[in-house]
Amino acid sequence: EVQLVQSGAEVKKPGESLKISCQGSGYSFTYWIGWVRQMPGKGLEWMGIILPGNSDTRYSPSFQGQVTISVDKSISTAYLQWSSLKASDTAMYYCMRQDGLGTYYFDYWGQGTLVTVSS
Amino acid sequence: QTVVTQEPSFSVSPGGTVTLTCGLSSGSVSTSYYPSWYQQTPGQAPRTLIYSTNTRSSGVPDRFSGSILGNKAALTITGAQADDESDYYCALYMGSGIWVFGGGTKLTVL
Numbered sequence: 780e781v782q783l784v785q786s787g788a789e790v791k792k793p794g795e796s797l798k799i800s801c802q803g804s805g806y807s808f809t810y811w812i813g814w815v816r817q818m819p820g821k822g823l824e825w826m827g828i829i830l831p832g833n834s835d836t837r838y839s840p841s842f843q844g845q846v847t848i849s850v851d852k853s854i855s856t857a858y859l860q861w862s863s864l865k866a867s868d869t870a871m872y873y874c875m876r877q878d879g880l881g882t883y884y885f886d887y888w889g890q891g892t893l894v895t896v897s898s
Numbered sequence: 002q003t004v005v006t007q008e009p010s011f012s013v014s015p016g017g018t019v020t021l022t023c024g025l026s027s028g029s030v031s032t033s034y035y036p037s038w039y040q041q042t043p044g045q046a047p048r049t050l051i052y053s054t055n056t057r058s059s060g061v062p063d064r065f066s067g068s069i070l071g072n073k074a075a076l077t078i079t080g081a082q083a084d085d086e087s088d089y090y091c092a093l094y095m096g097s098g099i100w101v102f103g104g105g106t107k108l109t110v111l
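Protein chains in written order, with the numbering used here: chain A, 780 to 898; chain B, 2 to 111.
Simulated from the structure, these hints should not be mistaken for lab results.
Think about it this way: if two alpha-carbon atoms lie no more than 30 Å apart in a straight line, the pair counts; the simulated DSS-like pairs of lysine-lysine are:
#1 A:Lys821 / A:Lys791
#2 A:Lys865 / A:Lys798
#3 A:Lys821 / B:Lys73
#4 A:Lys852 / A:Lys791
#5 A:Lys821 / B:Lys107
#6 A:Lys865 / B:Lys107
#7 A:Lys865 / A:Lys852
#8 A:Lys865 / A:Lys821
#9 A:Lys852 / A:Lys798
Pulled from the structure, derived: some chain A residues nowhere near chain B, Cβ distances all over 12 Å:
#10 Thr847
#11 Ser862
#12 Ser898
Where a beta carbon is used, it is the ideal one built from N, C-alpha and C, also for glycine.
The following block holds chain B by itself, in its conformation from the complex:
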């Protein structure tokens, strides 16, 4: 079964830059997987940040950007703010209507 991998945790200083990644247990992530990214704060429903690798969802600040780095999808936060402290999930479209979410990255801003 396909496993989507994410760093369990990451920390960044306020104003700093952090890149979270989304990989596959076997193989490389490409744009063909339509990687998307979701932010979730405790007690809230997920919020869509990035789709189709690098397109920001409506209302998402431009400090969030998506890309492919090597064989993984990546979410970069440039100029991190305190309220960016959240859990971040990537999702990959595997085709035939099937999706897989990564295990999530808990981002701490301190």
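Only chain A is shown next, with the shape it has when bound in the complex:
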């Protein structure tokens, strides 16, 4: 069974760093893994995507330079990290797998990681 399991909720202060994770299982960790942000009461915003095999990474212009997406394929895990959090980073973050058969969609989703940034 394909699963994406995300790390648990985080509470941080402004200016702190953070790295959240998304571990894939039940399949070969060779598919693109993407991240979306969902701010409280708002919609899904696509942040970026990474290909585990060669770490090829693409970012939304809105998030370029604001976050870093990385991967450790040895443990089938993708990461989303911030070097200096802001209160406006408070949101739920989901990872998702992009289908690898040329049909271009997100077929599996993680359960979400809630990040709260507050002083």
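We have chain A already, so just place chain B on it with the hints.
Chain B only, in chain A's frame:
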């Protein structure tokens, strides 16, 4: 920057039919954007409904269908049920690994 447009809200009567759309701030949506649709209920992760314009994901009831209507992608729910009350998001593949999600449509069934 590309903006993907969706109706902010829509309502449908139980048993009724509703069509939600997904457009582009400039230009037309075609199958080349591989439009996909996702359903999200409060507190839950999104669920994949439709991909490649009109292919239902595994386990999705056939009352959900996708199409291109004019210059937009469309999601039609035929015979709406109470548990279809959710937020619906479309996503478009812009090429070169870049995606854009629409702002979502809040569907009320009443």
